Structures are given as structure tokens and as C-alpha cells.
Amino acid sequence: QQKVQQSPESLIVPEGGMASLNCTFSDRNSQYFWWYRQHSGEGPKALMSIFSNGDKKEGRFTAHLNKASLYVSLHIKDSQPSDSALYFCAYTGNYKYVFGAGTRLKVIA
Amino acid sequence: GGIITQTPKFLIGQEGQKLTLKCQQNFNHDTMYWYRQDSGKGLRLIYYSITENDLQKGDLSEGYDASREKKSSFSLTVTSAQKNEMAVFLCASTPDWGGAGASYEQYFGPGTRLTVL
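Quick note, the sequences are listed as chains A and B, same order. Position one of the first sequence corresponds to residue 53 (the working numbering), numbered consecutively onward. Position one of the second sequence corresponds to residue 1061 (the working numbering), numbered consecutively onward.
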């Protein structure tokens, strides 16, 4: 059983549009949640973290966390072609990081 | 700032061969990780090292060995390469392991791309 389910697997949005990415977790011990982004040919880089229930905004990126529902999401406002990448959600718990399979986002001009 | 370097960038091996991947970081971080990335399966933890001289198995350690030679370097060995295997191996580091009370951003290297003929 996958510990982290990401949806959708892939997503195409027009430039300037809103991209919404979702994650559900099965581990109720999950405490800390992260979003990472990986451009082709590179290693993943952290986008943002969210540790408390509610919304957290950083520029065009807004993360939402609901620990009771084991759910976290990422919304990208005013999407740019440079946002095209593979996005991972991850949580840390019991001293390990657990990553989802990723959502591949393509932003078309 | 700092950087993680991984060598080689591309690695082509033969079935049954023993292959070694190397990782160096200059963040002065205590904790280092090795992940395997397959298409559609996210990142799976192979080995991690909380501090120099420590070694911990991850979920995917079978078929691999690891070595933390010094604080800045962490190596991974594929003990017997499997035919037609293709994957990206990613090295990462954090200031320390965080424990139950903290969570740190992981810094990743660019990866080593393995192909086994």
C-alpha cells in the first residue's frame, strides 16, 4: 500500500492559470509536510513546508494542510512555463522522509 | 550556500557487475541519504547515515551497500547490477536527522543515471 497518494499523475494548465496538486497520507504519525519540485535532469528542490493545519502562502504558491483528513494540497497561481516540472509531496515522521510518486505539471504558453 | 556533487553523472554497467556511486556535500551537514528514483514510483530510501560512522538501512536496501567515509562523503554500491535496470540515484543531506521534534529541508544532488545492459 502506497503511504502517499498523489493526484493527478499529470496536469496541463495554460500559462497564467491555476494548478492544483493533491496528496493524501496513510500514516497518522505524519507531522511535517513538504512540497518538492524537480526540473528535468536535476535533483528535487524544496518548494515549501507546512507543519500546521490551514493555509500557507509563499508568493504564487499556497499549501493547505488538514492533518485530520491526512490531506495536503499545493496551488500554483499564475502558472508560468518555468513551473513545468515533477512535483512531490513528502512527509517526515519516525525520522524518515516519505515521498509520493509525483505529479507532472506542464504549463503551456 | 553549499552544493552536493554526485559522480559519475551517467553510469553504464553490465549484468552482475559491482558498481559504486559517490556523493560529496560541502554544507557540513550531519545526515546524508541515498534514494532511488524510478519512473512513476517517487523516491525510495535505500540507506541513510545520521552522522559520520553511522549507517541505517532504508526500505530498499537489499542489493546495495553503503559507506560513510567521512562527514562530507557518502558512497553507494550496487552489489550485483540487474539486467535492463534503469534508475536515477539521488543523494541528499540535512543538517541533522531532526528526530521527533524537527523537520529539515533535504538538499539533493543532480543524480547518477544508471543503465545496465
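To be clear, the hints were calculated from the coordinates, so they are not data collected in a lab. A quick note: this is a predicted structure, and the numbers were derived from the prediction, not measured. All C-beta atoms in this analysis are idealised placements derived from N, C-alpha and C, irrespective of residue type, glycine included. Any given hint could turn out to be false.
If you anchor each label on the Cβ, the simulated ranges turn out as follows [to be verified]:
id	chain 1	residue 1	chain 2	residue 2	range
1	B	1104	A	132	46 to 56 Å
2	B	1142	A	55	32 to 42 Å
3	B	1123	A	55	29 to 39 Å
4	A	107	B	1146	34 to 44 Å
5	A	79	B	1137	38 to 48 Å
6	A	94	B	1117	37 to 47 Å
7	B	1086	A	110	24 to 34 Å
8	A	130	B	1086	12 to 22 Å
9	A	110	B	1075	42 to 52 Å
10	A	121	B	1127	36 to 46 Å
11	B	1131	A	160	22 to 32 Å
Do the hints match the structure? See the list:
no.	hint	in the structure
1	B:1104 / A:132: 46 to 56 Å	30 Å, violated
2	B:1142 / A:55: 32 to 42 Å	25 Å, violated
3	B:1123 / A:55: 29 to 39 Å	21 Å, violated
4	A:107 / B:1146: 34 to 44 Å	39 Å, holds
5	A:79 / B:1137: 38 to 48 Å	30 Å, violated
6	A:94 / B:1117: 37 to 47 Å	27 Å, violated
7	B:1086 / A:110: 24 to 34 Å	27 Å, holds
8	A:130 / B:1086: 12 to 22 Å	35 Å, violated
9	A:110 / B:1075: 42 to 52 Å	46 Å, holds
10	A:121 / B:1127: 36 to 46 Å	42 Å, holds
11	B:1131 / A:160: 22 to 32 Å	45 Å, violated
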